[in-house]
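*Asks:* So you can see what is in the structure, the chains are spelled out below.
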Amino acid sequence: MKISLLDYGVGNLPSVERALQRLGVETERISTSAGVAQASALVLPGVGHYGALIRALDRDGLRPSLIAAIERGVPFLGICLGLQALFQNSEEAPDLQGLEILPGSVRVLSGAVKLPHMGWDQLQAKAGSRLLEGIDAGAYFYFAHSYAVPYRDDEAAVETRATCSYGGEFVAVAERETIFAVQFHPEKSGDAGQRVLENFLRIAA
Amino acid sequence: MSLAHRIIPCLDTDGERVVKGVNFVALRDAGDPVALARRYNAEGADELVVLDIAASRDRRPTFLETIRKVAAELAIPLTAGGGIRTLEDARAVVRAGADKVTVNTAAVLRPGLISELSEEFGSQAVVLAIDAKRDGDSWRVMTTGGRVSTELDAVSWATKGAELGAGEILLTSVDRDGTQSGFDVALTAAISKTVMVPVIASGGARWPQHFSEIFRDGAADAALAASIFHDGIQSIRALKEFLVGEKIQVRLPC
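Residue numbers (the working numbering), protein chains in the order written: chain A, 40 to 244; chain B, 872 to 1125.
Think of the hints as simulated: they come from the structure by calculation, not from any bench. Where hints are given, some of them may not hold.
Cβ-Cβ distance ranges computed for the label pairs, FRET-style [as the list claims (entries may be wrong)]:
(1) B:1005 <-> A:136: 32 to 38 Å
(2) B:983 <-> A:48: 50 to 56 Å
(3) A:163 <-> B:1057: 52 to 58 Å
(4) A:172 <-> B:1005: 35 to 41 Å
(5) A:164 <-> B:1120: 16 to 22 Å
(6) A:191 <-> B:903: 48 to 54 Å
(7) B:1087 <-> A:77: 50 to 56 Å
(8) B:888 <-> A:142: 32 to 38 Å
(9) A:136 <-> B:888: 46 to 52 Å
Partial chain A-side listing against chain B, Cβ under 10 Å, derived [claimed, not checked]:
(10) 58
(11) 63
(12) 66
(13) 67
(14) 155
(15) 178
Calculated from the model, a selection of chain B residues having no Cβ within reach of chain A, i.e. all distances over 10 Å [what the hints assert, rightly or not]:
(16) 873
(17) 981
(18) 1007
(19) 1020
(20) 1056
(21) 1088
(22) 1116
(23) 1118
Glycine included, every Cβ here is placed at the ideal spot set by N, Cα and C.
Assemble the whole structure, with the sequences as input and the hints as a guide.
*Replies:* Written out as structure tokens, the structure is:
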């Protein structure tokens, strides 16, 4: 199996790549529609500004092929901004449209908290998660973000598998069929993060 | 449940070796950065900082090869800096594998650098390093490795830095650095309670009690130390177990 990493010129791609290679899996960097169309498993890493990610996807004409691949059932893992991109839109760049695959919008974390939400935090399980299988309920994951998808306790939010609370409760893990997304950085989250990546690789295989 | 307090070992490098100064002078050799990075990653460090102290001193370029080798060892975040003066300097450090970049002297000379970095990498990747020295009732910002005094007040500069887009403050007490007499609680509390970004306290760590004190009384979000970890005086694991006993939330790796 080969994991295709979407390379749009910014962000944390090398560390995600290293973390996957450490698990013994072959990776490739892709940056064209043809590359996306041929991928057998996709990872969209991301850190930084939502607008930069969305603009880069559109600049490289990747949006249609990416949506098509995800809808076709190609296993997909979105990390941080890669999670946020799956939703409708973001307060961070209100003029831009997300990939609109999952319902909900990205909002700034609010309340009397310091931003960014930076460091190691714990999750609250909401439903059985395939990504979190075998991971201790008290495990910590590394977050570095100021925006997130607020958690909604309704039927439209069934894809939420775990949340985190910081300036409100937000989506930390989302899953739907072959679509997986995490707001934290598994590639920077020590052993627990490695387990998340292993779980994704097992599902994608 | 809430955010864990972070314990961050710091590698001050000069060339390919880790060094540590007492009051920023009298440098001595402390080891191989790659070996130390591997050890801290395994011991449960929450993050690693690599500062090229030589770059600021001699205007030499930062040691990207060291960052690359260190990054390859880590499954935790890596912050790198020392001598970063331009967006291009920062890009090189990020490309080498750093998740965050620290700026210090160059940001004092040209505060717009903070905004440039924040726009390019996001504020979560921009750490404003402030070296502060007590001056009467307040603290003054020092530059150039803690040797040159400025007119800037440390609390005001931290506030301005956060407004310009810094996502974190790495706050070093020049008075305490290398003395092992404890973190500067008053300085850290003054800044941590004013700015709305996380603050990493640095300078003066020796005993586990210094860490509980800086988290509890200094309102620090993270605490950084170097020689006590490098020299094996304090293990990160034992420190975290002590903090758990003190009811301070930390991440205990499995």
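*Asks:* Now tell me, hint by hint, if it's right for this structure.
*Replies:* Quick rundown of the hints versus the structure:
1. B:1005 <-> A:136: 32 to 38 Å: violated, 52 Å
2. B:983 <-> A:48: 50 to 56 Å: violated, 23 Å
3. A:163 <-> B:1057: 52 to 58 Å: violated, 36 Å
4. A:172 <-> B:1005: 35 to 41 Å: violated, 52 Å
5. A:164 <-> B:1120: 16 to 22 Å: holds, 19 Å
6. A:191 <-> B:903: 48 to 54 Å: holds, 50 Å
7. B:1087 <-> A:77: 50 to 56 Å: holds, 55 Å
8. B:888 <-> A:142: 32 to 38 Å: violated, 53 Å
9. A:136 <-> B:888: 46 to 52 Å: At 51 Å between Cβs, range holds.
10. 58: At about 7 Å, which falls below the 10 Å cut-off, the nearest Cβ of chain B leaves the hint on residue 58 (chain A) intact, so it holds.
11. 63: Interface hint status for residue 63 (chain A): violated (15 Å vs cutoff 10 Å).
12. 66: Result: violated, 15 Å to nearest chain B Cβ.
13. 67: Violated. Min distance 19 Å.
14. 155: Holds - the Cβ of residue 155 (chain A) comes within 10 Å of chain B, reaching about 4 Å at its closest.
15. 178: holds, 8 Å
16. 873: At about 7 Å from chain A, residue 873 (chain B) fails to clear the 10 Å cut-off, so the statement is violated.
17. 981: About 22 Å separates residue 981 (chain B) from the closest Cβ of chain A, which puts it past 10 Å; holds.
18. 1007: Its Cβ never comes within 10 Å of chain A, the nearest being 28 Å, so this holds.
19. 1020: holds, 29 Å
20. 1056: holds, 19 Å
21. 1088: holds, 17 Å
22. 1116: holds, 17 Å
23. 1118: holds, 16 Å
Hints 1, 2, 3, 4, 8, 11, 12, 13, 16, counting from the list given before, are not met by this structure.
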